[in-house]
Amino acid sequence: TQLLEQSPQFLSIQEGENLTVYCNSSSVFSSLQWYRQEPGEGPVLLVTVVTGGEVKKLKRLTFQFGDARKDSSLHITAAQPGDTGLYLCAGYSGYSTLTFGKGTMLLVSP
Amino acid sequence: KAGVTQTPRYLIKTRGQQVTLSCSPISGHRSVSWYQQTPGQGLQFLFEYFSETQRNKGNFPGRFSGRQFSNSRSEMNVSTLELGDSALYLCASSLNPMGNQPQHFGDGTRLSIL
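Here the protein sequences line up with chains C and Z, keeping their order. By my numbering, the letter at position 91 of the first sequence is numbered 421, and the numbering carries on one by one without gaps. By my numbering, the letter at position 98 of the second sequence is numbered 111, and the numbering carries on one by one without gaps.
The set of hints was computed from the structure by calculation and includes no laboratory data. Mixed in with the good hints there might be a few duds.
Said to hold, decoys possible - Quick partial rundown of chain Z residues pointing at chain C, CB under 10 Å, derived from the structure:
1) Ala15
2) Cys104
3) Phe118
Claimed, not checked - Simulated coverage check for chain Z against chain C, where a stretch passes if three residues somewhere in it have a Cβ under 8 Å from a Cβ of chain C:
4) 28-41
5) 91-97
Predicted model only: the values in this text are computed from it and were never measured. We treat Cβ as the ideally placed atom computed from N, Cα and C, and that holds for glycine.
Okay, chain Z solo, but in the shape it has when bound:
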C-alpha cells in the first residue's frame, strides 16, 4: 500500500515569491493535515482538511492557505514568502478527522527561502 506522497521534496524560493506544495494521502484516507517543522519550534499544526473542508487551523498568518480536492489530495500555498518560512513542511493523512487517529506522515517538502 503506497504511503503519503509529498511533492516536491526540495524547493528553493526567494522572498516575496509564492509556493504550492502537494500531498497525496494513503488510498482511502480522507483526512489530511499539514505541519511546519523547524528546529526551534518543532512540529506546528497548520491546518486539517476532511471531505474538502477545512476543519481546523493553527496559529499561522493568512499567507498560509490550503485546499483539498474530491480525491482527498491536498495542496498548501504560501504567498509572499519570508525568510522565516524556511522549514520542513509535513503532510499527514488518516482515515477520519484527526482526533486520536494515527497520523501517517509523508517525508516532507524542504523549503528554503533565500
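So that you can see chain C by itself, here it is in the shape it has in the complex:
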C-alpha cells in the first residue's frame, strides 16, 4: 500500500506570513498533483508535477517535486485569507489510481 504523509495536519497563521506544506512517501511516484478544497466544495486541481526536481510557480504558490520523486512541497508567500482551505497532495505511481494524502488544513487570519 502506497501512503502519502502530509505535514503539518493543521496550520493557523496571520495574513502576510510565509508557510510550507510537505507531502512525503517511501514510494516513487511518476507524477504528483496538488489540490485545494474549500469548505462545502470539492477539491480543485492547482498543479501537476512530473519531473524529479521540478519547480512550478502559480502566483504566490511554489510547488516542488523531490529529485527522487518521493516527496513534494508547497510554499505560499505572503499568505492571504483567500488561501484558507484544505491542501491535498495526490500521487500517481503507474498502477492506475491516485493516492491521496490526508491533507493540510490551512487557516489564514486577517
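Since the structure of chain C is already known, use the hints to place chain Z on it.
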C-alpha cells in the same frame, strides 16, 4: 462549460437503509471516479468507471457498488447503511482513465446516517 454535478447535495438516512448517489461528469469526460472523504481517513478511493466498465476498485466492502451509463453518468449505491458510512462522497471525472489525468471534482454528497 458545466462542471461535475452531484445529486443530492445532502442526504440523511438511518441504519440498514440503502442509498443511491448520482454524478454527471463534465461533457466529453468518459472516466468517473468515486471517493469517500472523512476527517479521520481523508480521501479514500472507492471505484473508477470508464466506458461503462469498472476499471478499479478500492478496499471497500461489497455493500458499496456503482455503475456507469452510456452517457458517462454514474451512480453509486450503498446498501445496509452503517453509522460509519457517514461521509462526504465525491465524484471526479477526467477525459480518460485516471492515471495521472487531472481529476475534476464535484462538490459532493454529504451523507449522514442516524
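List in ascending order the numbers of the hints, as given earlier, that are violated by the structure. Hints 1, 4, 5 contradicted; others consistent.
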